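Peer 1: So the chains spell out like this:
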Amino acid sequence: MQNHIDLELLNEVRDVKELLSNIHLNNEIMITFNLKKYFPVRLGIIDVLLRRKIYVKAVDGISFRVREGEVFCLAGESGCGKTTTGRTVIGLTLPTSGYVIYKPRRELAKELIELGYEPIKGDYFLLNDLFKVRKINKLLRRELQIIFQDPYSALNPRHTVGYIVEEPLIIQGLKDREERRRMVYQVLRDVKLTPPEDFISRRPHQLSGGQRQRVVVARALVLNPRFIVADEPVSMLDVSIRAEILKLMLELKERRGLTYLFITHDLATARLICNRIAVMYLGKIVELGPTDVVIGNPLHPYTRALVAAIPEPDPSNRLKMRKLDIKGEVPSAINIPPGCRFHPRCPYTFDRCREAEPPVMEIEPDHYVSCWLYAKE
Amino acid sequence: MSTSEYLLHVSDLKIYYYTYEGVVRAVDGVSFSIKRGEALGIAGESGCGKSTLAYGLLRIVPTPGKIVGGKVIFDGVDILQLSENEFKRSYRWKRISMVFQGAMNSLDPVKNIGKQIADVILTHEEGTSKSEAYRKATELLKLVGIDPARAKSYPHELSGGMKQRVVIAMALALNPDLLIADEPTTALDVVVQAQIINLLKDLKGKLRMSLILITHDLSIIAEIADKVAIMYAGKIVELGRMEDIYEDPKHPYTSKLLRSIPRLRGKASLEWIPGQPPDLKNPPPGCRFHPRCPHAMDRCRREEPPVISLGRNRFVSCWLHAKR
Numbered sequence: 001m002q003n004h005i006d007l008e009l010l011n012e013v014r015d016v017k018e019l020l021s022n023i024h025l026n027n028e029i030m031i032t033f034n035l036k037k038y039f040p041v042r043l044g045i046i047d048v049l050l051r052r053k054i055y056v057k058a059v060d061g062i063s064f065r066v067r068e069g070e071v072f073c074l075a076g077e078s079g080c081g082k083t084t085t086g087r088t089v090i091g092l093t094l095p096t097s098g099y100v101i102y103k104p105r106r107e108l109a110k111e112l113i114e115l116g117y118e119p120i121k122g123d124y125f126l127l128n129d130l131f132k133v134r135k136i137n138k139l140l141r142r143e144l145q146i147i148f149q150d151p152y153s154a155l156n157p158r159h160t161v162g163y164i165v166e167e168p169l170i171i172q173g174l175k176d177r178e179e180r181r182r183m184v185y186q187v188l189r190d191v192k193l194t195p196p197e198d199f200i201s202r203r204p205h206q207l208s209g210g211q212r213q214r215v216v217v218a219r220a221l222v223l224n225p226r227f228i229v230a231d232e233p234v235s236m237l238d239v240s241i242r243a244e245i246l247k248l249m250l251e252l253k254e255r256r257g258l259t260y261l262f263i264t265h266d267l268a269t270a271r272l273i274c275n276r277i278a279v280m281y282l283g284k285i286v287e288l289g290p291t292d293v294v295i296g297n298p299l300h301p302y303t304r305a306l307v308a309a310i311p312e313p314d315p316s317n318r319l320k321m322r323k324l325d326i327k328g329e330v331p332s333a334i335n336i337p338p339g340c341r342f343h344p345r346c347p348y349t350f351d352r353c354r355e356a357e358p359p360v361m362e363i364e365p366d367h368y369v370s371c372w373l374y375a376k377e
Numbered sequence: 001m002s003t004s005e006y007l008l009h010v011s012d013l014k015i016y017y018y019t020y021e022g023v024v025r026a027v028d029g030v031s032f033s034i035k036r037g038e039a040l041g042i043a044g045e046s047g048c049g050k051s052t053l054a055y056g057l058l059r060i061v062p063t064p065g066k067i068v069g070g071k072v073i074f075d076g077v078d079i080l081q082l083s084e085n086e087f088k089r090s091y092r093w094k095r096i097s098m099v100f101q102g103a104m105n106s107l108d109p110v111k112n113i114g115k116q117i118a119d120v121i122l123t124h125e126e127g128t129s130k131s132e133a134y135r136k137a138t139e140l141l142k143l144v145g146i147d148p149a150r151a152k153s154y155p156h157e158l159s160g161g162m163k164q165r166v167v168i169a170m171a172l173a174l175n176p177d178l179l180i181a182d183e184p185t186t187a188l189d190v191v192v193q194a195q196i197i198n199l200l201k202d203l204k205g206k207l208r209m210s211l212i213l214i215t216h217d218l219s220i221i222a223e224i225a226d227k228v229a230i231m232y233a234g235k236i237v238e239l240g241r242m243e244d245i246y247e248d249p250k251h252p253y254t255s256k257l258l259r260s261i262p263r264l265r266g267k268a269s270l271e272w273i274p275g276q277p278p279d280l281k282n283p284p285p286g287c288r289f290h291p292r293c294p295h296a297m298d299r300c301r302r303e304e305p306p307v308i309s310l311g312r313n314r315f316v317s318c319w320l321h322a323k324r
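Chain order of the listed sequences is A and B.
For the record, in the first sequence the residue sitting at position 238 is 238 according to our numbering, with numbers rising by one throughout.
For the record, in the second sequence the residue sitting at position 175 is 175 according to our numbering, with numbers rising by one throughout.
Just chain B, same shape as in the assembly (with noise of 0.2 Å):
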């Protein structure tokens, strides 16, 4: 096992979904990097890839969709390149897992808890009692914030919030390195949206785990987040620690989209962006924001924007940056 600091490189990603009326190109040569103990934030509106990217990095992309190029190096060893049997015996759930949008929602009516969760354990550690796992289970219900006690209680007797807990105590079952949580807090209340965000961030502190959380709220990504992944139709359009995207925006997206949340101080002002984003099955040609984009140049229309390295890690993809 590599101890570099880096945890995880997706170099050049591409997902791509093959219906009947075209390819949809839903990731579209994505790259970033994630230290050990980090957090990322991917933030984009609906339809621009951030749950395909997630599905791509546990390789569970449903059909027609395709990984079809790129590499995801995790922990130095190009996971894409090995069989589903090995990737499935220790890598998906054991290293890295997920906590999928609206997962509250699908646990099992018919068993409780605390069962729930052993299965995770007896399904993916091979010689585990059926007791154990089950002590096992209350521990992690004990870990995220639930009374072991509870164990025995069946979803519906659970309120929204405890349910949302359960989901994170079967992602965090196996002891992964890499936590995905997709829109975790989109379903609940805004109290309860805060108690999930302050149980997210103490168990990144307490499990030193990295964790990319995946929202179109990017007030939820700076409650959290080192980094930001600002997406947009496929592709990152703006990548960098928090601090600096959020006191200077450099593409002219991000900056829209951060002015574009409603916030409760300061001046109250309605602004938003115009238009809608674009067809993946046949994006625009140039820089995909171009038709929205105030600063529209012609060469925006023309050429696809390179990835410009500000310094401090930082990247835009965008015309008004690169050097004449």
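Isolated chain A (complex conformation) (with noise of 0.2 Å):
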């Protein structure tokens, strides 16, 4: 049945070191394999009884590799994972299976080795049991951030700015009062909410939207990370502001030299800050390769309905219908179609995507797609 899941099958014995050596190396500062994030659903008394489990697979076998210093967009619909994947990549939440691997700063990496975590090849070490010592999470917390999609709900209300982007360093022990407060002074400057002094002892609520998102980027940024997670940074901020707050993370980005993994559903958003643009579907990702390439010529079924179903401001749209390839809405992650998981949807589906799961395929260089259509026989 498609609900049960062996858990022990899924941790298949792989050797993580093989397949790192496998690889052609091309700077990357994060790797995943096969990455799966599997959460159990409540179960009523005849489940429990019968043993039964069920889960939503939020992330069902994802690999990407996101180079130092680029942007790598994760981009899809609301319940596709790309969420939960940003979330478990900086440990937020642990793997269910699979592998994240990441290069370090070297003074991390000293840290790491004298605490007796070995790398697994070079300078890379495997995130998996490290995210499980509290004590590791909390050490990787420096170098892996992340920037919440909702500067409403994500800031404490009833603390002030200054607590807010101090209390990571709190956590982290610098216990120089002095020093934590010229490096808050220092990130307050550096995202604009100058001068500093004005904003400290506000309180959210007396912040616009875009300062809030800004405070929310201070606070992600105080520790000095290598690798942020912006999840929706701009989605909940008008549209005259949101180039704006874009333009900082790049400018941040160039000056602290960032690696970034935007979360997004807004391919025309991606576009302008993205380097390299994976789209995901139901837990995987459907077509990965550079931004330009992917919204210019989307291989995908899926890249192109997303592609044509966003709206241009351009009035002779309103003359005309949408045309809408798709059908209906994502499935739930409870019950996954077999086969190609897009094909319930998909108006090209013929036999083998209702049989087999397509695989990732390389149509022209860094430019791939899993889809049965460009399957060569």
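Note that these hints are calculated values from the structure, not bench results.
What you are looking at is a predicted structure, and each value in this text was computed from that prediction instead of being measured.
Take these hints with a grain of salt, some might be off.
[As the list claims (entries may be wrong)] As a list, the in silico DSS-like pairs of lysine-lysine whose alpha-carbon atoms are at most 25 Å apart:
no., chain 1, residue 1, chain 2, residue 2
1, A, K327, B, K142
2, B, K71, B, K88
3, A, K327, B, K206
4, B, K35, A, K327
5, B, K71, B, K142
6, B, K111, B, K130
7, A, K247, B, K267
8, A, K320, B, K206
9, B, K267, A, K323
10, B, K88, B, K130
11, A, K320, B, K142
12, A, K247, B, K256
13, B, K201, B, K35
14, A, K121, A, K138
15, A, K327, B, K201
16, A, K323, B, K201
17, B, K250, B, K267
18, B, K136, B, K88
Got two chains here, separate frames each, mind docking them using the hints?
Peer 2: Put into structure tokens, the structure is as follows:
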């Protein structure tokens, strides 16, 4: 049955070192292999008696590599697993199976080695086990950070901006109050909340949406991280100020040598800031490639539909209906369709799609798609 | 009933909120009109007063807000002069209805959707039997593209797009002349958003109703509206046909707003409007946009610009276009 998952089987032991030596490394900072994250569903008494286990397969086997200094985008509709992926790669939730491999800075690598954790190859550490140790997870938090989507709920309304931004430093055990203050001021200046004295004692409700999002960015940056998951950082903001926050993020990336995993449902925003894009559908990556190539020449029927559905500010559109090839909405991640998971909505479905999951194929250099339409016999 | 070409004339409408901290002038002298069967888009940043304007048209401005001035002539009658009872009996929902922002999340979780739609009919049309109302509800579901057999479903069994369709069905239950839709696609995915926009377009043609579409996203307005009103800080700064405004925006705010929309095609550019909208308790003197405007002159800081007609039903409120 579909819903039964043998967790033993999922954790099939593979030599991750061997995997790593078989791929050509190209300045990667983060690598995931067959990453899965399943959430158990609360069960009724009958399910318990029958020892039935039901899972939401939020992320169902995805692999990607993020290169140092790039903006790598995960795009897709709500429920496709993009946020769960982002949270999993930085250890906010533990992966069900698969591997998260990361290259930390020298200093952190040294610390990890001193604590008895060896890199699996070169400078690369396998994070799966490190995430489980609370102390190490905290240590990794210095380099792996997140910018949350909703600046209205990500900030504690009872705390001042100063405290919100300072809190990560306190948690990391920076004792020197003056030093903490200096760092908070510096980061507030970096996100252009100037002069910092004006903002330090304000509370979130006294700020506009754009200013709040700057506070969220400042909090993520105060520990001087290296890899940042930006989870829909502008989707709650007015269109008129979105570009300002994106520009700020790009500037900070250059100045502080950051790498972003940028999560968005909006391909038009992705186009403005991302180097490469991975389109997700129901827990899998269906297409991956340079942003301009994927948006300009989408291969997967799902990507094509996404591109076609985006409204453009062109008034001639109102005279015609928007042509939508795909039907319905995303099915539940509990009952994932067999074969290609997109086949019930796909306009090109044929027999093979219902039977087997399509492999990932490289169609042109650096442009991957997972669809039977492109499989050669 | 008059048969004029115009369904709605709003003139100099003012809606203020009387808060402890001061008077918030959310809608401050707004005028526009809509023909029968026409779609008007109202665009603006959050806090510019566009939702308050819609509440005003339905006379449901929440306290401490009050309609303090202006006229709303709907089909020849100034609906602001009617008593609450009269308005409730023959206008609200019967002739003007609304799809509220986020309403899809406010459906009753313990009542099936058929009954919820039937409730609307039972409340407003006295003498309808329950079974008749339910039958009408299933017809409405069909109209908005939901299988009538789903009438027995509960909201948690429906996807976001279907819930939004249910909310639209409720607004259409009494066959209104004017439908106001406040951010009808904001919480939806792009594919579903396109489906809902198609539905609204289809309904507008089929039912020959007028539509007011309120959103911060000009590209959604471009998809559906014939006319567009750009609101800034409680005032309409530019009003005209969508094509004209899109091809040649006259107000600096409009052109900046248009350029800040991220696009899929054409040149990718990061543009935005620096600064933030003013505090409506204490708006800047003169033109309210002047602190963010690249073309601000002395006059803009002192005097409020008049509404200037540019012909072809096009209006702009900016000193740049005033004749000397």
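Peer 1: Hint by hint, say whether it matches the structure.
Peer 2: Results for each hint:
1. K327/A <-> K142/B: holds, 17 Å
2. K71/B <-> K88/B: Answer holds: K71/B to K88/B is near 18 Å, not above 25 Å.
3. K327/A <-> K206/B: holds, 22 Å
4. K35/B <-> K327/A: Violated - the C-alpha atoms of K327/A and K35/B are around 34 Å apart, more than 25 Å.
5. K71/B <-> K142/B: Answer violated: K71/B to K142/B is near 37 Å, above 25 Å.
6. K111/B <-> K130/B: Given that 25 Å is the threshold and the Cα spacing comes to 15 Å, the pair holds.
7. K247/A <-> K267/B: holds, 16 Å
8. K320/A <-> K206/B: holds, 14 Å
9. K267/B <-> K323/A: Since the Cα atoms of K267/B and K323/A sit roughly 24 Å apart, the hinted pair holds (cutoff 25 Å).
10. K88/B <-> K130/B: holds, 21 Å
11. K320/A <-> K142/B: The given pair, whose Cα atoms are some 22 Å apart, holds under the 25 Å limit.
12. K247/A <-> K256/B: Holds - the C-alpha atoms of K256/B and K247/A are around 16 Å apart, at most 25 Å.
13. K201/B <-> K35/B: holds, 16 Å
14. K121/A <-> K138/A: holds, 23 Å
15. K327/A <-> K201/B: holds, 18 Å
16. K323/A <-> K201/B: Status holds; Cα separation ~13 Å.
17. K250/B <-> K267/B: holds, 22 Å
18. K136/B <-> K88/B: Given pair K136/B, K88/B holds - Cα atoms ~21 Å apart, limit 25 Å.
Checked against the numbered hints above, the structure violates hints 4, 5; every other hint is satisfied.
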